[in-house]
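Q: These are the residues of each chain, in order.
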Amino acid sequence: MAEKIYDVIVVGGGPAGLAAAVGAKEAGAKDVLIVERDVSLGGILQQCIHPGFGLKYFNEELSGPEYAYRFIEKVKATDIEVKLDTMVLEVGDHCVVGINPKDGLFTAQGKSIVLAMGCRERTRGAIMTPGTRPAGVYTAGAAQRLVNRQNMMVGKKVVILGSGDIGMIMARRMTLEGAKVLAVAELMDYTAGLTRNRVQCLDDFGIPLLLSHTIVQIKGNKRLEGVVIAAVDPATKKPIPGTEELYECDTLLLSCGLIPENELTKEAGIKINPITSGPEVNQFMQTSEEYVFACGNVVHVNDLVDNVTDESIRAGQYAAQYAQGTLPKAAEIPSVTGNNVRYICPQRICPDAPAKLFFRAAAPKLGVTMKVYADDKEIFSKKLIKINPGEMEHVEVKPEDMKGVSAIKIEVV
Amino acid sequence: MVTKDIICITCPQGCIIKVSGDPAKGEIASCEGFKCKRGKVYAENEFIRPLRILTSSVKTSGAAVPLVAVRTSAPIPKEMQMEAMEEVKKITVSGKLVPGDVIVKNFMGTGADLVASGRLD
Ligand SMILES: Cc1cc2nc3c(=O)[nH]c(=O)nc-3n(C[C@H](O)[C@H](O)[C@H](O)COP(=O)(O)OP(=O)(O)OC[C@H]3O[C@@H](n4cnc5c(N)ncnc54)[C@H](O)[C@@H]3O)c2cc1C
Ligand code: SF4
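Each protein sequence line maps, in turn, to chains A and B.
Numbering of the first sequence is given in the numbering used here, commencing with residue 38 and proceeding in unit increments.
Numbering of the second sequence is given in the numbering used here, commencing with residue 1302 and proceeding in unit increments.
Please note: incorrect hints may appear among the correct ones.
Restricting the straight-line Cα-Cα distance to at most 27 Å, the calculated cross-link-like pairs of lysine-lysine (DSS-like) are [as the list claims (entries may be wrong)]:
no., chain 1, residue 1, chain 2, residue 2
1, A, Lys423, B, Lys1319
2, B, Lys1360, B, Lys1336
3, A, Lys419, A, Lys366
4, B, Lys1319, A, Lys419
5, B, Lys1360, B, Lys1319
6, B, Lys1341, A, Lys217
7, B, Lys1390, A, Lys193
8, B, Lys1390, A, Lys217
9, A, Lys408, B, Lys1336
10, A, Lys420, B, Lys1390
11, B, Lys1338, A, Lys419
12, A, Lys420, B, Lys1336
13, A, Lys423, B, Lys1338
Here are the computed distance ranges between Cβ atoms for each label pair [claimed, not checked]:
no., chain 1, residue 1, chain 2, residue 2, range
14, B, Thr1304, A, Ile422, 16 to 22 Å
15, A, Lys366, B, Thr1304, 38 to 44 Å
16, B, Lys1338, A, Val76, 39 to 45 Å
17, A, Arg157, B, Asp1422, 24 to 30 Å
18, B, Lys1319, A, Lys393, 30 to 36 Å
Just so you know, the hints here were simulated from the structure itself, not pulled from any lab data.
We put the beta carbon where it would ideally sit given N, CA and C, even for glycine.
All chains should be modelled from the sequences, with the hints used to inform the complete structure.
A: This is the structure in structure tokens:
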């Protein structure tokens, strides 16, 4: 019997994978497979019980599980095949190698492959906090899972390091669940997450936000007993001697950023961007390997699931077109970061088709102008009241502006 | 007359909205700086009586998972959040639930219902 060849195989069943599979199906892909290592679909959304999802896509304010539910129902209404409790171990030449208790080790063939593995949290090892290693230190996301899905309260007196969205959301959750959050310490002189989360998660509950502060010591042997927080010099980020203060606490949550989950991508020899830590893509979400597409947090860390959905539906559609041999192939030009732009995604642009460029600023600033250049010619400019690295911006570039151009540059001045 | 700068939390744009009026009397004289209608509604409420959607989870019995996510179907007064959490903690659910199923009608007299936001099989 000839082995089945899928049109599109999607790795990961979070919001990105679900939307990509639905997008592929809508674009006419015949056999579509989703492979998910968890026992249920939905990815990180299942533990994000707070509201704030879907405002753009559904024009309603949904919780994470509600948002996931809508897409899971969409997938169920189709003949998309789903393998749960299945870990993908390798992405090979037009195939993925996976393992699960039922099939054991297996290989599935696909004309195109969509990577949607999401991201993981930076752990303490990655950020090097000095001191002992007692119990009571969690990443904010791990604590979120324990509290919101497992009914395990992680502590009573809490300090949070890092002002990422998950950290701020957990500050509110822990407070609502009856714990006392003593402080959120942030190394930078601005919050890492969205302003709306600072307002509704910290300000609403009077939780102190210590900007330009960091933890210099962790105390306690078996269980955490306290942390020492010091102010840092905003310019050098070095602790200022004499500013140390002890916070007695039983729990420390780390919210120090997310990194795209790209072991599979790297092993497949796909080009990774050093700034986003995700694969480089064009506006079709096509990686350096033309049959491999990528979408969602595996490409770059998104703050809004609605953007993930939008991008992933497109990735699925283009993956379907590639499988059917209808995706045009053309010479590409790079997108280039100018003044105060940390990164742009996609990194490559096919000038014959419209391109939506997402980008993040390098530093926060009020009263700025965002400018887009085709080589030296300014093709777009827009005044913004403020720009913030925590909040992603985007701009659309039309094919008529890219004719004969060798690069597109974005800058914020 | 009071004037307040309110940061809209409805979406990540985080518009700064200037509202003036008399909050005690529930009067709005002016409201500027919003980019959409949701923002206007939010800022006016925030000026007079701040409202928030409350989300949490409740215990299950006889199910494969220990918790199911819940939310208020509409925003409730902000100052009621802690008190509302006490009520939420007393609830145990069983059987099948899909997002939107009502668990407590007119939750604590707020006019909003407490509904499931996750799924229970
Ligand atoms: C704590 C937190 C709070 C957030 N709050 C908001 C918010 O308020 N509003 C908003 O709009 N957005 C919010 N976001 C952002 C949004 O949830 C994410 O952008 C979105 O979930 C990304 O989707 P994804 O599918 O790329 O990743 P994920 O949801 O992480 O899904 C990836 C999936 O891939 C699977 N996977 C990984 N590796 C493998 C493998 N080798 N084999 C098989 N399966 C694999 C994982 O199990 C997972 O299910 C939040 C994110 C976090 C983390
Ligand atoms: S006013 Fe509208 S656009 Fe501005 S933050 Fe509020 S919801 Fe968003």
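Q: Could you run down the list of hints and mark each one as holding or not?
A: Okay, the hints, checked on the actual structure:
1. The hinted pair formed by Lys423 (chain A) and Lys1319 (chain B) meets the criterion: a straight-line CA distance of about 16 Å does not exceed 27 Å.
2. As the CA atoms of Lys1360 (chain B) and Lys1336 (chain B) are separated by approximately 40 Å, the hinted pair breaks the 27 Å bound.
3. Using a Cα cut-off of 27 Å, the hinted pair Lys419 (chain A) and Lys366 (chain A) is violated, with the two alpha carbons roughly 32 Å apart.
4. Under the criterion of a C-alpha separation no larger than 27 Å, the hint pairing Lys1319 (chain B) with Lys419 (chain A) is consistent with the structure, at around 23 Å.
5. Under the criterion of a C-alpha separation no larger than 27 Å, the hint pairing Lys1360 (chain B) with Lys1319 (chain B) is inconsistent with the structure, at around 42 Å.
6. As the CA atoms of Lys1341 (chain B) and Lys217 (chain A) are separated by approximately 33 Å, the hinted pair breaks the 27 Å bound.
7. Taking the CA atoms of Lys1390 (chain B) and Lys193 (chain A), the gap is about 17 Å. The hint holds against a cut of 27 Å.
8. A C-alpha spacing of about 17 Å is found between Lys1390 (chain B) and Lys217 (chain A), which places the hinted pair at or below 27 Å, so the restraint holds.
9. Only pairs whose Cα atoms come within 27 Å are accepted, and Lys408 (chain A) paired with Lys1336 (chain B) is accepted, the gap being roughly 21 Å.
10. Between Lys420 (chain A) and Lys1390 (chain B) the CA atoms are separated by roughly 47 Å; this puts the pair beyond 27 Å, and the hint is violated.
11. Taking the CA atoms of Lys1338 (chain B) and Lys419 (chain A), the gap is about 22 Å. The hint holds against a cut of 27 Å.
12. Using a Cα cut-off of 27 Å, the hinted pair Lys420 (chain A) and Lys1336 (chain B) holds, with the two alpha carbons roughly 14 Å apart.
13. The hinted pair formed by Lys423 (chain A) and Lys1338 (chain B) meets the criterion: a straight-line CA distance of about 21 Å does not exceed 27 Å.
14. Taken as a hint, the range 16 to 22 Å holds for the pair Thr1304 (chain B) and Ile422 (chain A), whose Cβ atoms sit roughly 18 Å apart.
15. Between Lys366 (chain A) and Thr1304 (chain B) the beta carbon distance is about 58 Å. The supplied range of 38 to 44 Å is therefore violated.
16. For the pair Lys1338 (chain B) and Val76 (chain A), the beta carbons lie near 41 Å from each other, so the given range of 39 to 45 Å is met.
17. Roughly 28 Å separates the CB atoms of Arg157 (chain A) and Asp1422 (chain B), a value that falls within the hinted 24 to 30 Å.
18. Between Lys1319 (chain B) and Lys393 (chain A) the CB atoms are about 32 Å apart, so this pair conforms to the stated range of 30 to 36 Å.
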